[in-house]
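J.: Each chain is listed here by its residues.
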Amino acid sequence: MKLSRRGVIAGATALGILVSSTAAMAETLKVAGIFTLPVEQQWISRIHIALNAAAKRGDIEYVYSENVSNTDYERVMREYAESGVGLVVGEVFGLERAARKVAADYPETAFLMGSSFKPQEPNFSTFDNFIHEPAYLSGMVAGAASKSNVIGMVGGYAIPEVNRLMHAFMEGARETNSDVKFLVNFIDSWYDPPKAKESAFAMMDAGADVMYAERFGVSDASVERGKLAIGNVIDTSADYPGTILASALWHMEPTIDIAIAAVADGSYKAEDYSQYSFMAKGGGSLAMDASLVSADIVAAVNARSAEIMDGSFTVKINDEAPVSDN
Amino acid sequence: MDILQILISDSFWAAAFRIATPLIFGVLGALICEKAGVLNLGIEGIFAAGAMAGWMAVWLGAGLWGGLLVAALTGGAFGLLHAILTVPLGLSQHVSGLGITMLATSLSYFTYRTTLPNVSSPPRIVPFQPLDIPVLSDLPFVGLVLFQQTAMTWLAFFMVALVWWVLNRTPLGMAIRAVGDNPDAVDAQGLSVYGLRIGAIVAGSALMALGGAFLTMSAFDAFFFGMVNGRGWICIALVIFASWRPGKALLGAVLFGAFDAFQVRLQTEVGALVPSQVFLMAPYVMSIIALVIVARRAEYPRALLTPWFKGQR
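In the order they appear, the protein sequences are chains A and B.
The opening residue of the first sequence carries number 1 in our numbering; numbering runs sequentially from there.
The opening residue of the second sequence carries number 1001 in our numbering; numbering runs sequentially from there.
Keep in mind that the hints were calculated from the coordinates and are not lab data.
In this text, all values refer to a predicted model and were calculated from it rather than measured experimentally.
Among the hints, erroneous ones may be present.
Stated by the list, open to error - In silico SDA-like cross-links for lysine to any residue, where the CA-CA straight-line distance does not exceed 20 Å:
(1) A:K56 with B:P1117
(2) A:K56 with B:V1119
(3) A:K56 with B:N1118
(4) B:K1310 with B:A1175
(5) A:K181 with B:V1270
Said to hold, decoys possible - Sample of chain A residues at the chain B side, in silico, Cβ under 10 Å:
(6) V39
(7) A53
(8) Y62
(9) V63
(10) N67
(11) E175
(12) N177
(13) D179
(14) N185
(15) W190
(16) P193
(17) P194
Beta carbons are placed, not taken as given, at the ideal position from N, Cα and C, and that holds for glycine.
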């Protein structure tokens, strides 16, 4: 084929138009996740899954950094903000003040961060796993299942997000079992299964027959000793057959989807996104193993669940550190 | 349950030995290195490397004992690196050791992540199970405390005896002790100071890696970032507590395990009165107190931290 000058120019122009139009189409929102632990960790996995789902739908372009230490977190936030990311999702429990400073420096970037404190104008929104409602329901199951009337609870750190779920769980257990006593332990680590297991064993030695498995390792201890367990945040019942009675699940999809839509249409502002983790918003749910729970308890839990959904029953939020009953 | 009842219960002592097992391996490893005159602060990272490598080998189908071998070899490899840096090159043992910790930790995470990029929860293996020895496992008290531990706890006990025997009853042990006290004398005997020190560090590091492997192959069934959680550093302190004696190393590790097991039970019992952090701190505070009492009479290997160069006095 012979190339004429005119043909080359026409071709080049057409190509130019093609390239610029695909560039315009590729203007999908860039979202960055920054996590202080690997993406397998229960809490983080829920955010990671929701972001991956949004990326799969083509709503966003998703990149992430995992296992970022708190001391390095600020730098990573700045790097993503500088690189033109539209929305940064992460967790700032260990650097609340510093993270808000970074957000103030990049008003064009939207920040949606797991936090124990308030959102900050104009672009720093907060969320957390407010699954106290399913935690309450799982407590109802636990209270009814305990024969020794002693329930053991092993937590990571005594911080609001952990305390709140534990209190809701305890309230629920008291509803179905007024004699129940609680043993509470914290291991001061988010991931130390050998230590969590030892804590669980100690509680079983002290009479606990149902364990609230806030951390990895507790369900393993329950399996080894033939006791029961209640899951938290993720559903691990397939890994521990016959052991997990119920789990309070967290779904991050509503939170993520609302934030993405807000950034995309320019309406994003500093907001408390906690409510999108509530059951009525689809952010929390209860998984129950009906083969391990008696029918009347299943019915009672379902009734309570319906009341929570329609707003006629409110689970109290209590952020105080729980302590053992003596 | 009151406090005295806790201390005499068999499940408490069983927990103490369980918690102590990785520490026994770690203290022995650090002890061998230091007996030869070299501090090995790579221990925390070597724990992580052993935990990852051993678990990964089992996950890929090597079997539990094969996994332990892989863990030991991995630990030995990092030990060799530390040895080359600190023995023939004579670099700062502190700096090299901390570097090894960072390298080994990061490399284990890197390997884990590149091998398993898309897992939603850490994959599991079938770990070492508690032993069930006829008669012995059913004995009152000692049955639960000693004979229902996993094979790795017994491997740790065996290692204590082996290290004691090698160090105190063999010519090799004498040479290792001598190279940590007076390398010039060893050199004058025609023995290789470098060879002895490098060998001791490699062997010690292999033992440390077994301590890490215990976490993922016996105490739990999966590997995860950050799960060593300072256990390696504890061993460095316990070596001083043990005055570089294998028997006392066992004692120190079990004592620490007992403190930790006690802490957990106390937290459950009287957690309403005192914040949980006080209990979590307790084993470390008790270790420091024990250290202060014991370490004043400790006899350091005299050439510890001193590099030795051939032909230089």
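J.: So, for every hint listed, does it hold in this structure?
T.: To see whether the hints hold, each was checked on the structure:
Taking the CA atoms of K56 (chain A) and P1117 (chain B), the gap is near 17 Å; set against the 20 Å cutoff, the hint holds. Under the criterion of a C-alpha separation no larger than 20 Å, the hint pairing K56 (chain A) with V1119 (chain B) is consistent with the structure, at around 17 Å. For a cut-off of 20 Å, the pair hint linking K56 (chain A) to N1118 (chain B) stands: about 15 Å separates their Cα positions. Straight-line distance between C-alpha atoms of K1310 (chain B) and A1175 (chain B) comes to about 17 Å, which keeps the hinted pair within the 20 Å bound.
Distance restraint check for K181 (chain A) and V1270 (chain B): the Cα-Cα separation of roughly 14 Å lies within the 20 Å cut-off, and the hinted pair is therefore satisfied. At about 8 Å, the closest approach between the beta carbon of V39 (chain A) and any beta carbon in chain B falls short of 10 Å, and the interface hint on this residue holds. A least Cβ separation of about 13 Å between A53 (chain A) and chain B goes past the 10 Å threshold, and the interface hint is therefore violated. Of the supplied interface hints, the one on Y62 (chain A) is violated, with its beta-carbon coming no nearer than about 14 Å to a beta-carbon of chain B, more than 10 Å.
Among the interface hints, the one on V63 (chain A) is violated; its C-beta lies about 14 Å from the nearest C-beta in chain B, farther than the 10 Å criterion. At a threshold of 10 Å, the smallest CB-CB gap from N67 (chain A) to chain B is about 6 Å, leaving the interface hint in force. At a threshold of 10 Å, the smallest CB-CB gap from E175 (chain A) to chain B is about 22 Å, leaving the interface hint violated. A cut of 10 Å between beta carbons decides the hint on N177 (chain A): the least distance to chain B is about 19 Å, and the hint is violated.
Checking D179 (chain A) against chain B by beta carbon gives a least distance of about 18 Å; that is not within 10 Å, so the hint is violated. Because the closest C-beta pair between N185 (chain A) and chain B is about 5 Å apart, less than 10 Å, the hint holds. At a threshold of 10 Å, the smallest CB-CB gap from W190 (chain A) to chain B is about 8 Å, leaving the interface hint in force. Of the supplied interface hints, the one on P193 (chain A) holds, with its beta-carbon coming within about 4 Å of a beta-carbon of chain B, less than 10 Å.
The interface hint given for P194 (chain A) is met, as the beta carbon of that residue sits about 4 Å from the closest beta carbon of chain B, less than 10 Å.
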